[in-house]
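S.K.: The opening position of the sequence shown corresponds to residue 282 in my numbering, with each subsequent residue numbered one higher.
Think of the hints as simulated: they come from the structure by calculation, not from any bench.
The following label-pair restraints were derived from C-beta to C-beta distances:
{"hint": "1", "residue 1": "R305", "residue 2": "W395", "range": "14 to 24 Å"}
{"hint": "2", "residue 1": "D374", "residue 2": "A310", "range": "36 to 46 Å"}
{"hint": "3", "residue 1": "V406", "residue 2": "A364", "range": "14 to 24 Å"}
{"hint": "4", "residue 1": "K440", "residue 2": "E348", "range": "33 to 43 Å"}
{"hint": "5", "residue 1": "L339", "residue 2": "V406", "range": "32 to 42 Å"}
{"hint": "6", "residue 1": "W321", "residue 2": "R352", "range": "21 to 31 Å"}
{"hint": "7", "residue 1": "G397", "residue 2": "T336", "range": "39 to 49 Å"}
{"hint": "8", "residue 1": "M282", "residue 2": "V406", "range": "40 to 50 Å"}
{"hint": "9", "residue 1": "P446", "residue 2": "L339", "range": "37 to 47 Å"}
{"hint": "10", "residue 1": "K440", "residue 2": "E342", "range": "37 to 47 Å"}
Don't be surprised by glycine CBs; every beta carbon is placed ideally from N, CA and C.
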Amino acid sequence: MSWTLDALAGSVIDVMRGVLVHQRHRWPALEGHQRQYENWWKGEFALALESWSWTEDLPAEVCVIEEAKPRDYGITGMLSAQAMDLLVAPWRDEAIVKDKGPRVWIEIKTRAWWWGPASKAFGSVNGGLAHDLTKWSELQWGSDDIGIAAQLVINEGAKGEFFPPGWEKALDAFAKDSPRWDRKRATMSFPLGDARFRYATLEFFCLTGR
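Between the sequences and the hints, there should be enough to build the whole structure, so can you do that?
M.R.: So this is what it looks like as structure tokens:
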């Protein structure tokens, strides 16, 4: 048995979505401090994926690498020497397989309501989603590689207000050139009282063709 690229990417994304569920007792308090906890999320995603990689019935063995550089896997481009947050790659004979895929590359971004307008939260000037979509799409990706931008959005609002004003429209605009992996939306809620909720929504955009 072996992985297809789509099957591996879909499984990776499902594991990452599960982190919202399993860490629901922790992220609402963290994000309420109005600080950027991107590294915390990265660590939780990495831990979940590493644990999943030990599942015995996977089509083939995989491993999880943090801060991997695309150039080390034969991917060229001006920015190929820069590291991406996470890589899920084949594992064989107690070693990372570097000369073939499938491989799933992941870049993580977190933004919360206190960023204000969508242009500030997602814009290139502040290293937002627009920056990542442009930066990583310029690499010469191989047919066995897929790059995914994982955008986490935290909002406080009334019931059903998953996004700050204008943010969902901005994300939809990004999806025109960098399509979402699928239309499923992973959103978790945490009640704050007085009919207010804290929401975490995770979306996945393709950095490479699919």
